[in-house]
Amino acid sequence: MATPVSVLRLPKGPDSNSRGFDPKSPRFIALCRTSIFTSAASEVDSVELQREQQARSVLRETFLRCLLSMTNKKVQFHMYEKVKVEATFGASDIDVLNFQVSDLHTPIGVQKEALIRSQDVISFTFDV
Amino acid sequence: PFSAIYSPTMAMRQTPLTCSGHTRPVVDLAFSGITPYGYFLISACKDGKPMLRQGDTGDWIGTFLGHKGAVWGATLNTDATKAATAAADFTAKVWDAVSGDEVLTLAHKHIVKTVSFTQDSNCLLTGGNDKLLRIYDLSNPEAAPQEIAGHSSAIKKALWCNDDKQILSAAEDKTIRLWDRSSMEEVKTLTFDTSVSSMEYMADGEILVITYGKTIAFYNALSLDLIKTVEAPAPINSASLHPEKDFFVAGGDDFKLYKFDYSTKEELESYKGHFGPVHCVRFSPDGELYASGSEDGTLRLWQTAVGKTYGLWKCVLPGNTPNLLLVTGPAIHSKNTGYIQFFKRLESYC
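Residue numbers (UniProt numbering), protein chains in the order written: chain A, 1 to 128; chain B, 1 to 350.
Hints listed in this document are in silico derivations from the structure and should not be mistaken for laboratory results.
Do not rely on the hints blindly, as some may be mistaken.
[As the list claims (entries may be wrong)] Just the calculated beta-carbon pair ranges, DEER-fashion:
| no. | chain 1 | residue 1 | chain 2 | residue 2 | range |
| --- | --- | --- | --- | --- | --- |
| 1 | B | Ser195 | A | Val110 | 49 to 55 Å |
| 2 | A | Thr71 | B | Gly33 | 44 to 50 Å |
| 3 | B | Gly69 | A | Ser46 | 41 to 47 Å |
| 4 | A | Gln54 | B | Glu206 | 50 to 56 Å |
| 5 | B | Phe192 | A | Val110 | 54 to 60 Å |
[Unchecked claim] Think about it this way: if two alpha-carbon atoms lie no more than 16 Å apart in a straight line, the pair counts; the simulated EDC-like pairs of lysine to aspartate or glutamate are:
| no. | chain 1 | residue 1 | chain 2 | residue 2 |
| --- | --- | --- | --- | --- |
| 6 | B | Lys272 | B | Asp254 |
| 7 | B | Lys68 | A | Asp120 |
| 8 | B | Lys265 | B | Asp246 |
| 9 | A | Lys12 | B | Asp59 |
| 10 | A | Lys12 | B | Asp56 |
For each residue, glycine too, the CB sits at the ideal point set by N, CA and C.
When you get a sec, could you build the whole thing from the sequences and use the hints?
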């Protein structure tokens, strides 16, 4: 005759689109240091910080625009172990963990569709 | 005047909360300490993708991506700002547990099974199939780690104890060894007839909880003297002692979770729910719930006090059972005092 304990809702599961760690969460905002430390001393100099934030925004925007303009273009990837491959760029995932490419030319043949792990890439070049 | 009884626990049935997301068996889990943002839970999974969850609700926060093999061990530092994982890809990794970014990869010569932070998060202890314990200085990760040799087979679990002055390690060689951190020498060894399935350390009280076969054994972590053993109905893979040392929970090959009274050794409750063997079980730092990880790929959260309002569980007074009151305590001089006492108890319960 025991009544099961009521539950407000079920635990939230993983988001299929991202790896999580919501940058808008209070914990992230409070604790997250940027991966490149500010050039100013640990005491925050708001003018210096403003300038740096500006620079970061510009760099980020440039990078994103670069990814956009690469779509359907032939791109050469320079990777670790002296690997150089060429492929037609498709898209990047939201965390820039993988690049989706087509017609990847490798020493052992052409891969019609492939995912390149971005952490394996040192640099990439393409003609605008 | 009042002589009636109300006991919510007798009327309530445990509702475990299932955390899905992993696609393969969950082999290890660990809680952080209590932080200003609550406490957190990390789970190690054979799918290679350890996950971070909010400890009191089981809500997924993020997945640590980067390992290329099964993750055998996972841990968080006390304030949940760092995570460490041990994997079959021969690496241990350190992660920023706020951003999810990989901070360090520590190459090993074989599968890594266990990782443990010192209380100040400055050092990381690792152990695995190469039979060596390694101590990494995280402020100087390029430097070669200190190595402790001695075990004659794969290390399953290694942890810091005695205020990080000593190390405890359990291996497939059926021994548990206590090492001194500064001299790097073996201080004491416990030998068993069978492989130890798990080891948990409780700093407060210096208690070591060990499981092997159907036994849950409690040792003094400093002297390695046996305190007591308790037999469970089935082979046990993991056990955890409540922070207040009044209960302990255990889970194993019969898929069930068992709750025992620590002083009397009496089996109090048992729960079915998992669809596979239970590999790990841990109490939360506030003792209000315990989490279990299973071969079935899920984590489940269980209430310590069934029916209490906590996290996602809500205390709802059952409508159909008669509501009677238990009024205890010093002599009640008036009816009103009795009601106040009752409501105070009910308040604290709900």
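These are the hints, each one checked on the structure:
1. B:Ser195 - A:Val110: 49 to 55 Å: 50 Å Cβ-Cβ, so the 49 to 55 Å window holds.
2. A:Thr71 - B:Gly33: 44 to 50 Å: holds (46 Å)
3. B:Gly69 - A:Ser46: 41 to 47 Å: holds (46 Å)
4. A:Gln54 - B:Glu206: 50 to 56 Å: holds (54 Å)
5. B:Phe192 - A:Val110: 54 to 60 Å: With a Cβ separation near 57 Å, B:Phe192 and A:Val110 satisfy 54 to 60 Å, so the hint holds.
6. B:Lys272 - B:Asp254: It holds: about 9 Å lies between the C-alpha atoms, which stays within 16 Å.
7. B:Lys68 - A:Asp120: holds (13 Å)
8. B:Lys265 - B:Asp246: holds (10 Å)
9. A:Lys12 - B:Asp59: holds (4 Å)
10. A:Lys12 - B:Asp56: Since the Cα atoms of A:Lys12 and B:Asp56 sit roughly 12 Å apart, the hinted pair holds (cutoff 16 Å).
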